[in-house]
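Number of protein chains: 2
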Amino acid sequence: MKLYSYFRSSASYRVRIALNLKGIAYDIVPIHVLRGGEDGGPRHRDASYRALNPQARVPALELDDGTILTQSQAILEWIEETHPTPALLPREPVLRAKVRAIAAIPCADIQALQNTTTLDRLKTQFGADPDALKVWVQAFVGDGLRAIEALLPAPAPFAFGETPTFADVCLVPQLVAARRFGLDLTPFPKILAAEAAMKGLDAVQRAAPEAQPDAE
Amino acid sequence: MKLYSYFRSSASYRVRIALNLKGIAYDIVPIHVLRGGEDGGPRHRDASYRALNPQARVPALELDDGTILTQSQAILEWIEETHPTPALLPREPVLRAKVRAIAAIPCADIQALQNTTTLDRLKTQFGADPDALKVWVQAFVGDGLRAIEALLPAPAPFAFGETPTFADVCLVPQLVAARRFGLDLTPFPKILAAEAAMKGLDAVQRAAPEAQPDAE
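One line per chain: the protein sequences are U and X, in this order. Under the working numbering, the residue at position 211 of the first sequence is numbered 267, and the numbers go up by one with no gaps. Under the working numbering, the residue at position 28 of the second sequence is numbered 84, and the numbers go up by one with no gaps.
Just chain U, with the same shape it has in the complex (with noise of 0.2 Å):
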């Protein structure tokens, strides 16, 4: 298994960690975001990279039979239904459910507000500085975490009991890039303590955007 992956790419993180705790073996194949293209542009917008994902997105999952995975919650469901153990949600339909909405939140309510191609499009569109660009990702991430924290239950001590779910596996990336901006996250006891519970896993630390071959 292949994943296309980029370093700071918190969907990416998603992917790996989860890959990780399942005991997955894969080869990262780094797909820059920002250059490394052949036409001197980003890579990952590259016709070759098309080629496999036509989003030009990161990341992608190539299985062994060369069929192309693409969207990480996608790929995360594919991951719980063809490798069950250790189970990353519960059994019961509601609780799978609270887990889900947790997870849903940084993958469809936040990510897409701080990705480089909407921080780009502000800058060119808006004439956004970085200082405006703090504000707006502050803003959404900020309401985002909110949600989260007032959903979560106690932490226990991943945020829904003794093992990971979906839900601590998007919850580490997002933080990410929470402190990137600058946000303070000591309103957020559950989330930090679901965090500190992962940051605990050996599979969790060889995730890290800073433990990949193409950390910069």
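Note that these hints are calculated values from the structure, not bench results. Among the hints, erroneous ones may be present.
When chains are identical, the list treats them as one kind, so a pair holds in a single copy or across two.
[Unchecked claim] Heads up, simulated SDA-like pairs for lysine to any residue below, C-alpha to C-alpha not over 20 Å straight-line:
1) LYS246 with PRO110
2) LYS190 with THR180
3) LYS58 with LEU151
4) LYS78 with ALA259
5) LYS58 with VAL150
Could you slot chain X onto chain U? The hints should help.
For chain X alone, coordinates are given in the frame of chain U:
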């Protein structure tokens, strides 16, 4: 079951389609996202609604025992797990991942960039006028639909074969927003074919924004 819904919310529309396709009975509780609140503000920001959904968003699904489910993707998965017939996901894991990847593009890559909160911030933080908002939305919706069109198989007549899946469920509401912002849809024949197949179904017609009790 009660669905807290806003007629024009694409996330609410997804859930209405899925509930109707499954033949699940539910009552609509309209939650206006622009007005109707107890303090003169928007209804979804009321304390009484936040007590149900701390994220103050629609949709939320209230089960008969009072349990509240949030986040449209998590609700769709819960519906599929608890009401498996008719199936809205194929059985084979790779196909399920491909369906979920299409569904994730509107949910994760487009919706956050076109919703009311985001457009309001573009206005207040960057002084965006209606023309600028149109350029912004068209750019992101266009990118997403181009990716979907490239990833979809030939229509048959739904996005993934003879019956609707989560892909169709998420595409139909996305096209409402695409048209509202004046995007040319002629480059997307596969997407339009799936939409046409969906619009032939009574379940989908009953879920439409204009068929809702709160339609304006």
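Consistency of the hints with the structure:
1. In this assembly of identical chains, LYS246 and PRO110 lie within 20 Å of each other by CA distance solely across copies; the values are 15 Å between and 38 Å within a copy.
2. Taking the shortest alpha-carbon separations for LYS190 and THR180, both the intra-copy value of 16 Å and the inter-copy value of 15 Å come in at or below 20 Å.
3. Within a single copy, LYS58 and LEU151 get their C-alpha atoms only as close as 31 Å, which misses the 20 Å cut-off; across copies the closest is 19 Å, which meets it.
4. For the homomeric pair LYS78 and ALA259, the shortest alpha-carbon distance inside one copy (9 Å) is at most 20 Å, but the shortest distance between copies (39 Å) is not.
5. For the homomeric pair LYS58 and VAL150, the shortest alpha-carbon distance between copies (15 Å) is at most 20 Å, but the shortest distance inside one copy (33 Å) is not.
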